[in-house]
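There are 2 protein chains.
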Amino acid sequence: MAKIVVDVMLKPEILDPQGKAVAAALPRLGFNFAKDVRQGKRFEIEVDGDPTPAQLADVEKAAEKLLSNPVIENFTVRVEK
Amino acid sequence: MAKIVVDVMLKPEILDPQGKAVAAALPRLGFNFAKDVRQGKRFEIEVDGDPTPAQLADVEKAAEKLLSNPVIENFTVRVEK
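Heads up: the protein sequence lines correspond to chains X and Y, in order.
For the first sequence, position 33 (counting from the first letter as 1) is numbered 33 according to UniProt numbering, and the numbering increases by one without interruption.
For the second sequence, position 14 (counting from the first letter as 1) is numbered 14 according to UniProt numbering, and the numbering increases by one without interruption.
The hints are simulated quantities; they were obtained by calculation from the structure and are not laboratory data.
Please note that the accuracy of each hint is not assured.
Heads up, simulated DSS-like pairs for lysine-lysine below, C-alpha to C-alpha not over 25 angstroms straight-line [said to hold, decoys possible]:
(1) X:Lys11 to Y:Lys81
(2) Y:Lys65 to X:Lys35
(3) X:Lys65 to Y:Lys41
(4) Y:Lys20 to X:Lys20
(5) Y:Lys41 to X:Lys41
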C-alpha cells in the first residue's frame, strides 16, 4: 500500500487571501518568522501496492480535471512511502 | 530564502467528508486507482535565509496554535529548498 500525494497551490501571480490572513495573524500571536504565507490543498491518495507509471499518469489527469483548477492553480504529484 | 512547509491532515480516526467526496467522484470520471482519498491543508511559509532551529520551533508552535486544530488534526513541518 503506497500513498500518492498531490499538492495544489495557487499560481504565484494569483492573490492568496487565506495566506495573507495567516501572514497577518502570525505577528499578533507573537510569531515574526514569516515573510509570506501561501495556503493550498494536500490530497493523500491510497493505492494498492506500488503505483505503476500508468497509475501516476492517471493521477496527473485526475489532478488536472478534479483536484485543481489549472487556470489559477499548479499541482505536483509525488509518491510517499 | 527558504520555504517551510506545514502539512495539516485530519487524524486517521476522523471522518473526512471532502476526501470521501473526491474518492466517490474519481470513478465517475473513469479513474479507478484510489483505495481511499484524504484531503488536508498545505501551508508554504517563506522565511529569510536558512531557517534556524528557533524559527522551526516557532513554526511548530504556530502550527499548533493557528494552522491546525490539534484535537482533530495532525501536522508536519519540513523545510523545502
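Now for the hints, and whether the structure bears them out:
no. : hint               : result
1   : X:Lys11 to Y:Lys81 : 18 angstroms, holds
2   : Y:Lys65 to X:Lys35 : 19 angstroms, holds
3   : X:Lys65 to Y:Lys41 : 19 angstroms, holds
4   : Y:Lys20 to X:Lys20 : 29 angstroms, violated
5   : Y:Lys41 to X:Lys41 : 5 angstroms, holds
In summary, the one numbered hint that this structure violates is 4.
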